[in-house]
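Undergrad: As a plain string of letters, each chain reads:
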Amino acid sequence: KAGVTQTPRYLIKTRGQQVTLSCSPISGHRSVSWYQQTPGQGLQFLFEYFSETQRNKGNFPGRFSGRQFSNSRSEMNVSTLELGDSALYLCASSSGQYQETQYFGPGTRLLVL
Amino acid sequence: DQQVKQNSPSLSVQEGRISILNCDYTNSMFDYFLWYKKYPAEGPTFLISISSIKDKNEDGRFTVFLNKSAKHLSLHIVPSQPGDSAVYFCAATSYDKVIFGPGTSLSVIP
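Top line first, the protein sequences correspond to chains A and B.
According to my numbering, the first sequence is numbered sequentially starting from 9.
According to my numbering, the second sequence is numbered sequentially starting from 164.
Calculated from the structure, these hints are not laboratory results.
Remember, it's a predicted structure, so these values are computed and weren't measured experimentally.
Some hints here could point you the wrong way.
FRET-style restraints, in silico, Cβ to Cβ [stated by the list, open to error]:
1. B:S175 x A:P69: 36 to 46 Å
2. B:P273 x A:Q26: 38 to 48 Å
3. B:G179 x A:R75: 22 to 32 Å
4. B:T208 x A:R75: 35 to 45 Å
5. B:D222 x A:T88: 38 to 48 Å
6. A:E108 x B:N190: 36 to 46 Å
7. A:Q105 x B:N230: 39 to 49 Å
8. B:G223 x A:S94: 30 to 40 Å
Positions of the beta carbon are idealized from the N, C-alpha and C atoms, including for glycine.
Sequences are here, hints too, so could you generate the full structure?
TA: In structure tokens form, the structure reads like this:
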């Protein structure tokens with residue numbers, strides 16, 4: 009099976025702009041989770057989507073949003089970008105069953121100038 | 164408040180020796196634990212997991228130990244190889260969440 013894919017791999021934006029990141033899960037997986045990784049904070053959970061519904065949400069401001077489509081592909085949107093949003097954004101897919109291993113994509117590196 | 168802690172940001176080990184990476188958690192509701200390995204510019208990859216009903220799980224060179232009373236788990240890599248140099252994250256899960264630790268950067272010196 010093909011792995012989790014994320015596009016774009018690298019992105020440079022300026023403060024105040026918005027950005028949309030895309031994630032295609034492993035075929036058959038219905039759960040997609042998004043994480044932000046920064047050197048200081050490690051991996052932080054943003055939200056999880058399962059069958060087009062947000063199932064869990066982390067402690068991030070409302071500028072961070074997401075959605076999932078009927079084919080399980082997911083997008084994450086960040087509006088009004090801030091310098092502190094510069095990070096590696098990772099998505100992970102799983103079947104959605106309890107205690108199922110998550111499989112990560114390569115990430116999108118976002119730089120906000 | 165960090166629910167999953169990895170108190171050693173970095174660790175250096177000689178090739179062939181044992182690497183021990185530690186992880187502590189605070190929430191007794193966590194019932195499943197995983198270790199992920201991450202190389203630069205790549206997403207984390209799953210290494211090994213353990214259920215809270217067990218105290219040890221082994222897979223090749225990797226062994227995870229769980230001490231529930233101490234809320235502590237550790238990953239042992241024996242023997243360590245230069246290719247093991249990466250950042251290691253432990254993660255703890257309950258029904259509705261997965262929490263990752265901040266990671267430990269392991270360097271295996273040839």
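Undergrad: So, for every hint listed, does it hold in this structure?
TA: Hints versus structure:
1. B:S175 x A:P69: 36 to 46 Å: holds (38 Å)
2. B:P273 x A:Q26: 38 to 48 Å: Cβ of P273 (chain B) to Cβ of Q26 (chain A): about 46 Å, so the range 38 to 48 Å holds.
3. B:G179 x A:R75: 22 to 32 Å: violated (49 Å)
4. B:T208 x A:R75: 35 to 45 Å: violated (27 Å)
5. B:D222 x A:T88: 38 to 48 Å: Check passed, 45 Å falls within 38 to 48 Å.
6. A:E108 x B:N190: 36 to 46 Å: For E108 (chain A) and N190 (chain B) the Cβ distance comes to about 20 Å; the hint is violated.
7. A:Q105 x B:N230: 39 to 49 Å: violated (27 Å)
8. B:G223 x A:S94: 30 to 40 Å: holds (37 Å)
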